[in-house]
Each structure stands twice: as C-alpha cells, then as structure tokens.
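Asks: If you read the sequence shown in full-length UniProt numbering, its first letter stands for residue 1, the second for the next number, and so on.
Some hints here could point you the wrong way.
[Unchecked claim] Below, simulated EDC-like cross-link-like pairs (lysine to aspartate or glutamate); rule was C-alpha separation at most 16 Å, straight line:
hint : residue 1 : residue 2
1    : K216      : D272
2    : K282      : D272
3    : K525      : D348
[Stated by the list, open to error] Cβ pair distances, simulated, as ranges:
hint : residue 1 : residue 2 : range
4    : K206      : T542      : 18 to 24 Å
5    : T195      : M434      : 54 to 60 Å
6    : E427      : K543      : 18 to 24 Å
7    : W258      : K371      : 45 to 51 Å
8    : T542      : W258      : 28 to 34 Å
9    : A453      : T493      : 18 to 24 Å
10   : K513      : V451      : 45 to 51 Å
11   : P204      : V79       : 48 to 54 Å
12   : G296      : K216      : 55 to 61 Å
Derived by calculation from the structure, the hints in this document are not laboratory data. Even glycine gets a Cβ: it sits at the ideal position worked out from N, Cα and C.
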Amino acid sequence: MMGLFSSKPNKNAEGKELHDISNAKDLKFHCDDNIERLLTEPVDHPSTTKKAASDFPLFKASHTVDYLMMALNLVVSIVMIGSVFLAYSQKLEWKDAKPLFMVTVPLYVFVPNFTASGKQNENETLRILSPYHNKAVLTGKKAPNGRPILNPPTYEILVHYTRTAQGRTLAKREGRIPIGHFAPIHPMQVRWNSTMKAMTYRGPHKVAVEDRPKPKIIDPTDAIIRMTKATICGTDLGIWKGKNPEIEETAREKTGEWNGRILGHEGIGIVDEVGPAVRHFKKGDKVIISCVSRCGSCENCQKQLYSHCLNGGGWIMGYMIDGTHAEYVRTPFADNSLYVLPDNLNTDVAVFLSDVLPTGHEMGVKYGDVKPGDSIAVVGAGPVGMGAMLTAQFYSPSTIICIDLDQNRLEFAKEMGATHIVNSSTEDAVAKVMEITQGRGVDCAIEAVGVPATWDVCQQIVTAGGHLANVGVHGQKVDFELQKLWIQNLTITTGLVNANTTAMLLKACETGKLPMERLATHHFKFGEIEKAYDVFKHASDTKAMKVIIEF
Numbered sequence: 001m002m003g004l005f006s007s008k009p010n011k012n013a014e015g016k017e018l019h020d021i022s023n024a025k026d027l028k029f030h031c032d033d034n035i036e037r038l039l040t041e042p043v044d045h046p047s048t049t050k051k052a053a054s055d056f057p058l059f060k061a062s063h064t065v066d067y068l069m070m071a072l073n074l075v076v077s078i079v080m081i082g083s084v085f086l087a088y089s090q091k092l093e094w095k096d097a098k099p100l101f102m103v104t105v106p107l108y109v110f111v112p113n114f115t116a117s118g119k120q121n122e123n124e125t126l127r128i129l130s131p132y133h134n135k136a137v138l139t140g141k142k143a144p145n146g147r148p149i150l151n152p153p154t155y156e157i158l159v160h161y162t163r164t165a166q167g168r169t170l171a172k173r174e175g176r177i178p179i180g181h182f183a184p185i186h187p188m189q190v191r192w193n194s195t196m197k198a199m200t201y202r203g204p205h206k207v208a209v210e211d212r213p214k215p216k217i218i219d220p221t222d223a224i225i226r227m228t229k230a231t232i233c234g235t236d237l238g239i240w241k242g243k244n245p246e247i248e249e250t251a252r253e254k255t256g257e258w259n260g261r262i263l264g265h266e267g268i269g270i271v272d273e274v275g276p277a278v279r280h281f282k283k284g285d286k287v288i289i290s291c292v293s294r295c296g297s298c299e300n301c302q303k304q305l306y307s308h309c310l311n312g313g314g315w316i317m318g319y320m321i322d323g324t325h326a327e328y329v330r331t332p333f334a335d336n337s338l339y340v341l342p343d344n345l346n347t348d349v350a351v352f353l354s355d356v357l358p359t360g361h362e363m364g365v366k367y368g369d370v371k372p373g374d375s376i377a378v379v380g381a382g383p384v385g386m387g388a389m390l391t392a393q394f395y396s397p398s399t400i401i402c403i404d405l406d407q408n409r410l411e412f413a414k415e416m417g418a419t420h421i422v423n424s425s426t427e428d429a430v431a432k433v434m435e436i437t438q439g440r441g442v443d444c445a446i447e448a449v450g451v452p453a454t455w456d457v458c459q460q461i462v463t464a465g466g467h468l469a470n471v472g473v474h475g476q477k478v479d480f481e482l483q484k485l486w487i488q489n490l491t492i493t494t495g496l497v498n499a500n501t502t503a504m505l506l507k508a509c510e511t512g513k514l515p516m517e518r519l520a521t522h523h524f525k526f527g528e529i530e531k532a533y534d535v536f537k538h539a540s541d542t543k544a545m546k547v548i549i550e551f
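Please work from the sequences and hints to get the whole structure.
Replies: The following block contains the structure:
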C-alpha cells in the first residue's frame with residue numbers, strides 16, 4: 001500500500017506543488033466528481049472506527065485505494081463463487097474446492113475492512129480506514145404508512161490527516177466525503193451479461209450484428225440453447241432481400257412495434273436452461289435444433305403436419321420468433337423440437353439435419369414419390385437440392401438429372417451422384433431433359449429454387465402421371481399452365497417441411513450413409529457472420545455451397 005503514495009516531498013502524484021497548509025481548515029479533498037469539500041471537523045483520536053473509500057489531494061483521484069479494494073473484493077468473490085460452482089457442477093471434487101472456499105471467506109470479510117496508511121512527506125501523514133461504508137440516513141420525514149424515510153445508502157471516503165512540525169502536532173482533521181451510491185461486490189449481487197450478439201433483420205437489405213437481450217424462458221416447455229454451430233439458408237437470404245414482409249407486419253400486429261428479427265433456423269448447441277415442463281432434456285445436453293417447432297398435441301400435429309402446429313409452432317424460428325444467428329436462442333416445445341446430438345456425428349453434418357436434409361427428403365423425395373427405376377430431375381443444385389438428390393438415392397432411381405446455372409455446383413452434383421447435369425445458362429434445359437429421357441420426361445421434377453423460371457422448367461419436363469414437387473420458397477407469382485397440365489394426371493405438391501423424418505436421417509448420417517460434410521465449403525467464426533452472409537450471397541463467385549458459423 002505504501003506504493004500508492006508519492007515519495008517526492010511537497011508534490012502530489014500529478015507533480016503539482018502542495019500548498020503550505022498551516023491551518024488544516026484550508027485542506028481540500030476532491031471527490032470523483034471533482035466537487036471540492038472542506039474538512040472542518042476536528043477529531044482527537046485517529047483510531048476511531050470508520051468505514052470509507054478513498055480520495056486525497058496527495059495522490060491522483062479515482063486510481064487508488066477505492067478501486068484497488070473493489071478489484072481485490074471482486075477477485076476474492078470470483079474465487080469463492082467459482083470454488084462452489086466447480087464443486088456443484090462436479091468439475092472439481094469438494095475436497096479440492098473446500099480449501100479455496102475456506103481461504104476466500106475470511107478474505108471476503110477482511111478486504112472491505114482494510115486500513116491503509118502512508119506518508120506524503122515527513123510532515124504529513126494520511127490514514128485511510130475501511131474502504132466501504134454503507135450508511136442510510138434518516139430524513140426526518142415519514143411515509144404514509146408511518147415508517148421513517150431513509151436516504152439511500154451512500155459510500156463515503158473517510159481520511160485522517162495529520163500535520164506535524166518538529167515533532168509537534170499542528171493539526172488533526174478527519175473528514176467524510178460521499179463518493180456515490182455504489183456497493184462492494186457481493187457474491188449474491190453478481191449479474192452475468194444479459195445481452196448477446198445477434199444477426200438482426202430490420203428491413204429489406206438491412207441486416208447487421210446487434211446487441212440484443214438474451215432470451216428467457218417464456219413458456220414452461222421452452223429451452224434456452226447456447227449455440228455452437230449454425231448455418232445460413234437461402235431462406236435467410238430471401239428474408240434479407242425482402243421476400244417476407246409478413247415478418248414485420250405480423251410483429252406490428254401482435255405488439256404494435258417492430259424491433260427487428262434475429263435470423264436463422266438451423267444449428268446445434270448446448271442446453272443452457274429448460275422450462276419446468278421439459279422432461280427429455282437438461283442443462284448441458286448437446287442438441288440439434290429442428291427448424292420446425294411443434295406442440296405434438298394439436299389437430300395438425302396429430303396428423304404429422306408439424307409445420308402447421310396450431311399452438312404457436314411450425315416454422316417460426318428466424319421468422320415469427322428470433323432465430324439461431326445469435327449466441328443464444330429460445331426453442332419452444334423443446335421436448336418435440338430438439339434431438340440429442342450423438343458424440344460420433346460430424347457436427348457440420350448435424351447442422352444440416354436442422355433443415356436442409358429433412359426439407360430435401362420430405363418435400364422433394366417423399367412428396368415426389370420417388371420409386372426404384374424412376375427418372376428424376378432436381379432443378380436447383382443448392383443445398384436443399386443436394387439434400388433431395390442425396391436422399392433420392394435411397395430409393396434407387398435410374399436417372400438423376402441436375403439442372404442449374406452454376407457450373408461449379410453442377411460438377412459437385414455429378415460427384416454426389418447425379419447421372420446427368422444440365423447448365424441452363426448455356427443450353428435449353430427442357431430440350432436437354434427430353435433428349436436424356438428420349439422424349440418421355442421425368443417421373444418426378446423437384447423444384448428447389450423458388451423462382452418463376454425454374455417452376456416453368458418443371459412444368460414442361462414432368463411426364464404424364466408424374467409428380468411435380470415444389471420445395472423452393474417463392475416470393476412472387478408464377479404461371480400455372482393448367483391449360484396444358486389438366487390432361488397430364490399430375491400430382492403437384494407444395495409445403496413446408498414437417499421434420500418427421502429427421503430421426504431416420506440422423507441415423508443414416510451417423511452411420512455414414514450420407515456424405516453431407518462435403519457441403520460445408522466455408523467456415524466462419526460468429527464474429528465474421530456478416531462476411532459469411534456476403535460469401536453465401538455471392539456463391540457463384542465464392543463457390544460456397546453451405547457456410548458454417550462457429551460460436
């Protein structure tokens with residue numbers, strides 16, 4: 001503590017000359033707010049028990065004992081809390097944690113009652129007694145219920161100053177100065193950070209990382225997940241472009257205001273908190289987050305139409321509620337909307353089980369009724385189209401045609417199992433499909449983009465009695481050529497993924513049946529998520545198939 005005081009005579013810590021104070025009534029003290037106060041109360045005994053925190057003209061304000069004591073108190077508190085936490089979480093045996101706890105408790109009591117002294121020069125001595133003192137003062141007034149009214153507790157500086165000359169005491173002064181309504185740090189007063197970083201949509205082409213409140217349990221079936229990996233979907237880009245104005249409209253209808261929406265509906269993480277009604281998951285569990293939340297009990301859920309859950313479920317994450325492009329996310333209906341993440345599963349692949357694989361499989365392959373020997377065309381070689389093409393191979397189609405504008409993606413599709421590839425930017429896609437199928441067309445056309453041009457291709461290449469399975473998210477009207485299709489005996493399907501095949505696909509991935517890890521072409525830290533969006537938006541230039549965000 002002696003090091004806190006300057007050893008240079010007649011100068012303070014800022015190098016300014018000290019006044020020759022012959023009368024202690026002229027001594028001035030400076031608070032943190034730079035308000036000067038005279039100390040005029042004489043005392044006879046410097047040992048009187050007082051509690052205060054420090055500032056004195058002999059050393060620089062705000063950089064001394066008061067903050068040092070707060071720092072010491074914080075360190076002691078953290079060690080004390082940490083020892084108990086480690087023992088409670090079974091990361092440390094109690095026999096090992098106990099000594100830490102037993103040492104820090106006395107320190108926690110001792111540190112706030114620390115007393116320091118020092119000399120500025122041979123004639124002036126300073127004593128600082130007990131840095132913290134909580135003091136509530138009666139105002140002399142009473143509340144309506146008759147109870148006395150107190151001013152809020154304040155923390156004061158109390159210093160004892162002695163000036164001597166030739167062994168004779170010239171003056172003794174003790175003074176108090178309020179330094180604010182703050183308290184020493186106490187273990188029960190520790191508040192962890194209540195905000196998080198999140199990629200937030202504010203309107204068309206207005207997306208940026210913001211500080212947002214951490215999610216809380218709202219319903220007893222909720223879980224809070226600390227994200228470890230996420231990915232960006234074409235749907236997120238569609239929202240960014242303004243394809244879903246209903247997001248803002250619905251928010252304003254429900255709450256009367258628009259505070260933006262955290263994007264993302266795919267990812268994996270660790271359970272941080274569960275509601276009282278959650279039975280199958282607990283804090284610390286590693287989980288896969290489904291893009292579809294479902295209550296499991298409403299009429300639609302009983303029909304396995306989970307995407308149309310009547311109790312506030314369905315595809316809502318990153319759409320009607322905040323999503324996974326944040327450090328934490330709230331997952332409704334956790335028991336029905338989370339999957340245990342196996343230790344032996346590649347975590348990049350696990351992310352794709354949130355949406356890409358179930359969507360491609362259910363909306364493309366299952367709704368398209370792909371059967372052994374069928375010829376199929378996947379229009380759109382993006383991640384969902386790849387998911388459809390890979391899972392279609394479970395059903396042994398004879399011909400798999402992949403159509404896209406991007407030659408890089410087409411070459412990748414060839415590696416992943418496509419028997420034929422068609423670049424619609426350089427050749428007539430419809431004519432090429434008819435050539436491959438000898439004029440017959442395909443048994444199943446899977447639309448996996450969501451634009452009018454790809455829809456038109458699908459209408460023209462499907463054979464009589466075939467299936468047209470729409471998977472893409474459309475943001476504008478398309479032409480439905482019923483005048484040509486009415487006679488074709490077609491089955492045309494649309495819809496949102498219900499995620500009722502996720503468990504099956506999880507087992508297939510776990511055993512290596514689906515090489516989905518190859519789709520993870522780029523990896524970014526969460527702090528680089530804006531760059532990740534830019535890379536994914538320009539996939540044709542960056543050759544990005546799927547970008548992984550790591551937290």
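Asks: Work down the list of hints and note, for each, if the structure agrees.
Replies: To see whether the hints hold, each was checked on the structure:
no.: 1; hint: K216 <-> D272; verdict: holds (11 Å)
no.: 2; hint: K282 <-> D272; verdict: holds (8 Å)
no.: 3; hint: K525 <-> D348; verdict: holds (14 Å)
no.: 4; hint: K206 <-> T542: 18 to 24 Å; verdict: holds (22 Å)
no.: 5; hint: T195 <-> M434: 54 to 60 Å; verdict: holds (57 Å)
no.: 6; hint: E427 <-> K543: 18 to 24 Å; verdict: holds (22 Å)
no.: 7; hint: W258 <-> K371: 45 to 51 Å; verdict: holds (47 Å)
no.: 8; hint: T542 <-> W258: 28 to 34 Å; verdict: holds (32 Å)
no.: 9; hint: A453 <-> T493: 18 to 24 Å; verdict: holds (20 Å)
no.: 10; hint: K513 <-> V451: 45 to 51 Å; verdict: violated (31 Å)
no.: 11; hint: P204 <-> V79: 48 to 54 Å; verdict: holds (50 Å)
no.: 12; hint: G296 <-> K216: 55 to 61 Å; verdict: violated (23 Å)
In this structure, the hints that do not hold are numbers 10 and 12, in rising order.
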